[in-house]
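**Student:** Following the hints, position chain B against chain A.
Taken in order, these protein sequences are the chains called A and B.
Just so you know, the first sequence maps onto residues 2 to 109 in the working numbering.
Just so you know, the second sequence maps onto residues 2 to 109 in the working numbering.
Watch out, some of these pointers could steer you wrong.
The list treats identical chains as one, so a pair stands whether inside a single copy or across any two.
The calculated DSBU-like cross-link candidates involving lysine-lysine, where the alpha carbons are at most 35 Å apart (straight line), are [claimed, not checked]:
no.: 1; residue 1: 45; residue 2: 99
no.: 2; residue 1: 45; residue 2: 66
no.: 3; residue 1: 45; residue 2: 102
no.: 4; residue 1: 45; residue 2: 34
no.: 5; residue 1: 26; residue 2: 45
no.: 6; residue 1: 66; residue 2: 102
no.: 7; residue 1: 59; residue 2: 34
no.: 8; residue 1: 34; residue 2: 99
no.: 9; residue 1: 59; residue 2: 102
To be clear, the hints were calculated from the coordinates, so they are not data collected in a lab.
2 protein chains.
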Amino acid sequence: MQVSEAEWTDTEKTIARTAFDQAYKREIEALLKRVQDEASALIKLDDLWRLHDFLSAKRHQIEGKYDYQYSALPFVFAGLVKEGWLQLNELEGLSQDKLAKINSLARM
Amino acid sequence: MQVSEAEWTDTEKTIARTAFDQAYKREIEALLKRVQDEASALIKLDDLWRLHDFLSAKRHQIEGKYDYQYSALPFVFAGLVKEGWLQLNELEGLSQDKLAKINSLARM
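Okay, chain A solo, but in the shape it has when bound (with noise of 0.2 Å):
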């Protein structure tokens, strides 16, 4: 399942690029929002221990999965279209095998 650096194509290269840095802002604009309206309805300390939760779970989440290795891209691509920060369209011009990868990835 591993795809090692020599697989990809300059062009893949550009696509896979795109696609890892659209869906990271994406997905980080999307929590900031998230985070600034839950912040706004902070009644007690409980709500904000719960905020602080949350971001724990987040950042964990985040470092880990954001890992641009081309040996890892299929894997972290698939999550991304999996959680709907990408679209499988978004990754047209990748080869069909990788496409077929990552398509079959993310519906597990």
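**Tutor:** Just chain B now, with coordinates in the frame of chain A:
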């Protein structure tokens, strides 16, 4: 330095509870306000993780600080006075030796 429960009169207990709750209310309100202000100014992910670090530290600090045990109260009150969440005159009615201890601890 420790003051057991037996050394607190009922009047002192009432004064202590009121002061304790008042300081807690002030600190929590200020914290919620600060988090709302910082959240509304979030621009990038680093800002969010900085807010997360701040909340981790505050949670640890607050959970340790508001310890309502009579033996710990002089230390708790001294800390609250030092940090500005409580004024020494809000503890008026406590015995002179307790006030002197709190005052002395708050100046350390």
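**Student:** Please go over all the hints and tell whether each is borne out by the structure.
**Tutor:** Comparing the hints with the structure gives:
no., hint, verdict
1, 45 <-> 99, "between (48 Å within a copy, 32 Å between copies)"
2, 45 <-> 66, "both (32 Å within a copy, 18 Å between copies)"
3, 45 <-> 102, "between (46 Å within a copy, 33 Å between copies)"
4, 45 <-> 34, "both (20 Å within a copy, 11 Å between copies)"
5, 26 <-> 45, "both (31 Å within a copy, 10 Å between copies)"
6, 66 <-> 102, "within (18 Å within a copy, 53 Å between copies)"
7, 59 <-> 34, "both (14 Å within a copy, 23 Å between copies)"
8, 34 <-> 99, "within (33 Å within a copy, 49 Å between copies)"
9, 59 <-> 102, "within (26 Å within a copy, 45 Å between copies)"
No hint from the list above goes unmet by this structure.
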